[in-house]
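Q: Single-letter residue listing:
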Amino acid sequence: MFDIEKIRGDFPILNQEIYGKPLAYLDNAATTQKPQCVIDTVSRYYEHDNANVHRGVHALSERATADYEAARKTVASFFNARSEREVIFTRGTTEAINLIASSWGGVHIKAGDEVLITHMEHHSNIVPWQMLCDRVGATLKVVPINDHGELIMDAFDTLLSERTKLVGVVHMSNALGTINPVEYMIEKAHATGAVVLVDGAQAAAHLAVDVQELDADFYVTSAHKMYGPTGVGVLIGRETILETMPPYQGGGDMISMVTFEKTEYNNLPYKFEAGTPHIAGVIGFGKAIEYIQSIGFDAIGKREKELLAYATAKAEAFDGLRQIGTAKEKACVLSFVLDSVHPHDLGTIVDREGVAIRAGHHCAMPVMQFFNVPATARASFSIYNTEAEVDTLFSALKKAQAIFA
Amino acid sequence: MFDLRDLYLQVIVDHNKAPRNFGKLEHYNHEADGYNPLCGDKLHVYLDVNDGGIIEDVSFEGEGCAISVASASLMTEAVKGTPLSGFQQKFDTFQHMVTSDLEEHPDEEQLGKLAVLAGVREFPSRIKCAVLCWHTLKSAVEDSHQVAKTE
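Chains V and R are the protein sequences, given in the same order.
Residue numbers for the first sequence follow the working numbering, so the first one is 1 and each next one is one higher.
Residue numbers for the second sequence follow the working numbering, so the first one is 406 and each next one is one higher.
Please note that a few of the clues may not be correct.
Subject to a maximum C-alpha distance of 20 Å in a straight line, what follows is the list of computed EDC-like cross-link-like pairs (lysine to aspartate or glutamate) [what the hints assert, rightly or not]:
#1 V:Lys-398 to R:Asp-408
#2 R:Lys-447 to V:Asp-339
#3 V:Lys-398 to R:Asp-419
#4 V:Lys-21 to R:Asp-408
#5 V:Lys-399 to R:Asp-419
#6 V:Lys-398 to R:Asp-411
#7 V:Lys-21 to R:Glu-527
#8 R:Lys-533 to V:Asp-351
#9 R:Lys-422 to V:Asp-319
#10 V:Lys-399 to R:Asp-408
#11 V:Lys-399 to R:Asp-411
#12 V:Lys-188 to V:Glu-114
#13 V:Lys-302 to V:Asp-319
#14 R:Lys-543 to R:Glu-482
#15 V:Lys-21 to R:Asp-411
#16 R:Lys-422 to V:Asp-339
Read the hints as simulated data drawn from the structure, not as lab findings.
Next comes chain V alone, as it looks inside the complex (with noise of 0.2 Å):
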């Protein structure tokens, strides 16, 4: 049973006025906000367990190293990860996908060999790539998208090729909405050998994720858009590929000895976590998953459809406003331009109705230039948002556009 009053309670920071108006919180794409029991437990380690991991034979250096390690259990098992080896703990996705594109793309893409990604992917998801392109002379090539923003799948039937050695999808995209078909498209590219990473930013706090169902060889998110701390994600990686890349980052926990001459790398996944990690956000994220599972992704998803839903018939009802992004396959976003007022006039307007929504590119320029627009407003939901958060920010839009009548 899905009890919102429980959920909003869940989050202290939800309850408060913005300009005399309760907060209506619709930014949830571009960071979510935390339930008490993630705040409880950062505040406690650093109340009671705070030490380095992996180091010290003290007790707090023990407990600390325990409840570290638990987290990556966790992990692993909601992500279904084949072990705990497969589970990299990064700043992010950003930097998830970097050390794919430097220590997987280092060593085996090279001069001729083709990156495929798609015209929906996060910056994030496109400039490693193309950085990478330009180090070794391969090329990057982009899955194009139709007018609802879904990827054409015959375009990546197409593009995809033996010269195919990555290709990088993000599974829910946060500009559009669009969830797109990895599973087929991990099949697909694994036919022809190519390597497959799926950005999972967007995706991972709204829909259940198993990396060997979907049987993909990288799988990155960040923490923080999943009830989480910011400054923590993972990477996901098969155990077999990841074997063979060569560290990201030398220092301090990548190793097992270390003298002038030589090194020798630690075992995974240690060898991908050069230097003191983010400790308190790893066991801040460990609880942020089992707050996800407490609720149940069968329950989130219910909500989430049924709240877009509501939003979308709102939407489709409002004079003026041209949705971006009306993907078959969407959830959570709702991205939109109006005739009459430009995106970031709209994000000050509503914003002193209390209401809390994004206006700008979205991290997504590419996307932007599809549409032919500078910038969209995007309201992004998340389990803890109303119908009545919902009613305010149309309200919100009335009164922009009464502004500039």
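Chain V is already provided as a structure; the job is to place chain R on it using the hints.
A: Frame of chain V; chain R shown alone:
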């Protein structure tokens, strides 16, 4: 409390709806691009300075939010027909107005109609919208051939 209507004054709404000096000049001897990567606002200004050092004509093209379009429109009105030598002072006065403390009253004698933009001070993320055109015109005046940015 500061009201939205103090930001979106009728003058600003009007200049956004019907920007003055909008489009490309037939004769110009200075130009520059301005770009605000965070917003996607893009401007291009054209400037025609005569032999006497007077800004004979000025115009702009581009797209952006109401604040950036209105600011550009008001700017063209404010500098048209004035000596180029006075531009830097106008630039500084405007810059000061939009970044000064809220208590400080804008110098309406110097700023004229531009004073309507003083409201952006209350909206820190929007100040860059108001100043983009000024930075762009400055690039044009200085022939810097650099895309003006406010970040």
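Q: Each hint should be assessed against the structure and marked as holding or not.
A: Consistency of the hints with the structure:
{"no.": "1", "hint": "V:Lys-398 to R:Asp-408", "in the structure": "holds (17 Å)"}
{"no.": "2", "hint": "R:Lys-447 to V:Asp-339", "in the structure": "holds (18 Å)"}
{"no.": "3", "hint": "V:Lys-398 to R:Asp-419", "in the structure": "holds (19 Å)"}
{"no.": "4", "hint": "V:Lys-21 to R:Asp-408", "in the structure": "holds (14 Å)"}
{"no.": "5", "hint": "V:Lys-399 to R:Asp-419", "in the structure": "holds (17 Å)"}
{"no.": "6", "hint": "V:Lys-398 to R:Asp-411", "in the structure": "holds (18 Å)"}
{"no.": "7", "hint": "V:Lys-21 to R:Glu-527", "in the structure": "holds (18 Å)"}
{"no.": "8", "hint": "R:Lys-533 to V:Asp-351", "in the structure": "holds (18 Å)"}
{"no.": "9", "hint": "R:Lys-422 to V:Asp-319", "in the structure": "holds (19 Å)"}
{"no.": "10", "hint": "V:Lys-399 to R:Asp-408", "in the structure": "holds (13 Å)"}
{"no.": "11", "hint": "V:Lys-399 to R:Asp-411", "in the structure": "holds (15 Å)"}
{"no.": "12", "hint": "V:Lys-188 to V:Glu-114", "in the structure": "holds (15 Å)"}
{"no.": "13", "hint": "V:Lys-302 to V:Asp-319", "in the structure": "violated (28 Å)"}
{"no.": "14", "hint": "R:Lys-543 to R:Glu-482", "in the structure": "holds (15 Å)"}
{"no.": "15", "hint": "V:Lys-21 to R:Asp-411", "in the structure": "holds (19 Å)"}
{"no.": "16", "hint": "R:Lys-422 to V:Asp-339", "in the structure": "holds (12 Å)"}
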